[in-house]
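Colleague: Sequence:
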Amino acid sequence: MTRNLAGLKIRTQRKRAGLTQGELARRAGISASYLNLIELNKRTIAGALIDRIAAGLGVDRAEFDDTPERRAIDSLDELSVDPAFAGSADHPRAAAEFVSRHPDWAHLLLKVYRAFIDRNEAVMALADRLNRDPFLGENVHRILTGVTAIRAASEILGNYEGLGAADRGRFLNIIATDSEKLSDAARSLAQFFDNPDMRAASGSSMEQVDAFMFESGNYFPELEEVAAGVLREHAETLHDGAGPVWQNGDSPAGTDVVTGSAQSRRFRRVRELSAPMARGAVSALIADRPVLASDEARLFAASALHSYTAAAILMPYEPFLAAAERSRYDLDRLSRLFDVSYEQAAHRLATLRRPGAEGVRFAFMRSDPSGYVTKRLPLPRLPLPRYSNACPLWVIYAAFQRPGATVRSFGALPAGDSFLFFARAIEKSPPSVTFPRHLLSIMLACPASEAGRVVYGDGIDRSDPRTMVPVGTTCRLCPRAHCNHRQEAALFPDALSS
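Residues -3 to 494 in this note's numbering are what the sequence shown lists, from first letter to last.
These aren't lab readings, by the way, just hints derived from the structure by calculation. All values reported here derive from a predicted model rather than from experimental measurement. Misleading hints may appear alongside valid ones.
Unchecked claim - Pairs of lysine-lysine residues, derived as DSSO-like cross-links and limited to a Cα-Cα distance of at most 27 Å, are as follows:
(1) K177 to K107
(2) K107 to K371
(3) K11 to K38
(4) K38 to K5
Said to hold, decoys possible - Quick list of the computed label-pair ranges, beta carbon to beta carbon:
(5) R349 to D100: 25 to 35 Å
(6) E446 to R12: 30 to 40 Å
(7) E354 to P410: 26 to 36 Å
(8) S299 to R349: 33 to 43 Å
(9) G18 to N480: 47 to 57 Å
(10) R482 to E19: 40 to 50 Å
(11) E484 to E176: 48 to 58 Å
(12) R228 to E446: 28 to 38 Å
(13) A401 to E19: 54 to 64 Å
Even for Gly, the Cβ is constructed at its ideal location relative to N, Cα and C.
Can you build the whole structure from these sequences, using the hints too?
Modeller: Below, the structure written as structure tokens:
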């Protein structure tokens, strides 16, 4: 993946404006050869130079923000490793250039791919239902039984001309009775398939919600305001002796972590309390958002936003950010201080993105032991997979080996970007004798350049190259040829490196 997409966008804007490289270079105060390297993405661009180029083109510098395009590139990369397409001889490699040159076609392709995923999952769900639904099995059995009885009675009537009137009447009655049963079973099946409520769940609804959250930066100032209003109006209810203790500036000595079930119940109570006050803001946020293309996606998004509001009430922005900075983002201390679960505190850290008052920028990922990703919020330089498992070297999987302990490491991606990863496997429900433990792994990741602000980077000597784990995103996209953890062949074998 290219390290910067601004060059491609500059080239597109320049051609749209009818300018030569020499003319734009003159306006920006640089050489034409240097501008050519920028447009080829062989030189990074930032700061005052972006401002001069934007002025030379007569556009706002925001035109060169590559976040939407980078998300499209990440999605195209995921498409390319889908087993349904990965077996073809040739694979598109210039995803960044394709997105830059033809953004509308790129988004159309991704829309078609999402529709393909949706239809595939609908077919699989229907096939599974056809195989397993007891109603279908029972009615098919009724139909086969009825057809068998009618056929036997009809053969007797046709083959035995000497039957008396009483016997003929009895067999005719069998045919009439079983025909009626057959008709009832067929009618039940018709009603079953015509029922508008009998629909397979859309495979793309959660992806639409992910896109909605990503586009919004996972920060919603309207809901932060609602949360502040709820805190003002219901202060006594929320501080009844079991509530948060932000005013103290730190957790009381000897405070124990509250059990997950108690924290979950408290979260639900706050969510229910705030729902009427947040409903208007939530409706406005999801209205007319093209990325939320289905009723189900809008329902999921509304639910996520109500949970966001509850988290903002339990962990108000300014006190939580201040406590996070003081504790250097220690999730255990934050959990105790705000009387929330580890996961709730971790997810709140990923929402501290208020302009001018941002915390460390974190990616957030949650996975079950099978590798299925149940929540994701990527970073621009760190795409998180949805359709395939992540790199097996990521700590999100190692955490399952030591539930309750924090597993951490620095990781370097093939493109050169490095991150601090830390994860913990948590128990989502009390253990049971008859069922296996319900564990989920929660992982946060931040750029390695920010690790000095985060307690989880302490004690790891980054000057020692052995502490920087060579990781990828997924095996199919990773060019590391000699990785002992590789599970799948690389998509581009000629790009393999050591």
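Colleague: Decide, hint by hint, whether the structure agrees.
Modeller: Evaluated hints:
1. K177 to K107: Given pair K177, K107 is violated - Cα atoms ~46 Å apart, limit 27 Å.
2. K107 to K371: 21 Å, holds
3. K11 to K38: Measuring from Cα to Cα gives roughly 19 Å; hence the hint holds.
4. K38 to K5: 14 Å, holds
5. R349 to D100: 25 to 35 Å: For R349 and D100 the Cβ distance comes to about 28 Å; the hint holds.
6. E446 to R12: 30 to 40 Å: 36 Å, holds
7. E354 to P410: 26 to 36 Å: 28 Å, holds
8. S299 to R349: 33 to 43 Å: Between S299 and R349, where Cβ atoms are some 21 Å apart, the hint is violated.
9. G18 to N480: 47 to 57 Å: Distance hint for G18, N480 holds at roughly 51 Å.
10. R482 to E19: 40 to 50 Å: 49 Å, holds
11. E484 to E176: 48 to 58 Å: Cβ of E484 to Cβ of E176: about 57 Å, so the range 48 to 58 Å holds.
12. R228 to E446: 28 to 38 Å: The hinted range 28 to 38 Å holds for R228 and E446, with Cβ atoms some 33 Å apart.
13. A401 to E19: 54 to 64 Å: 60 Å, holds
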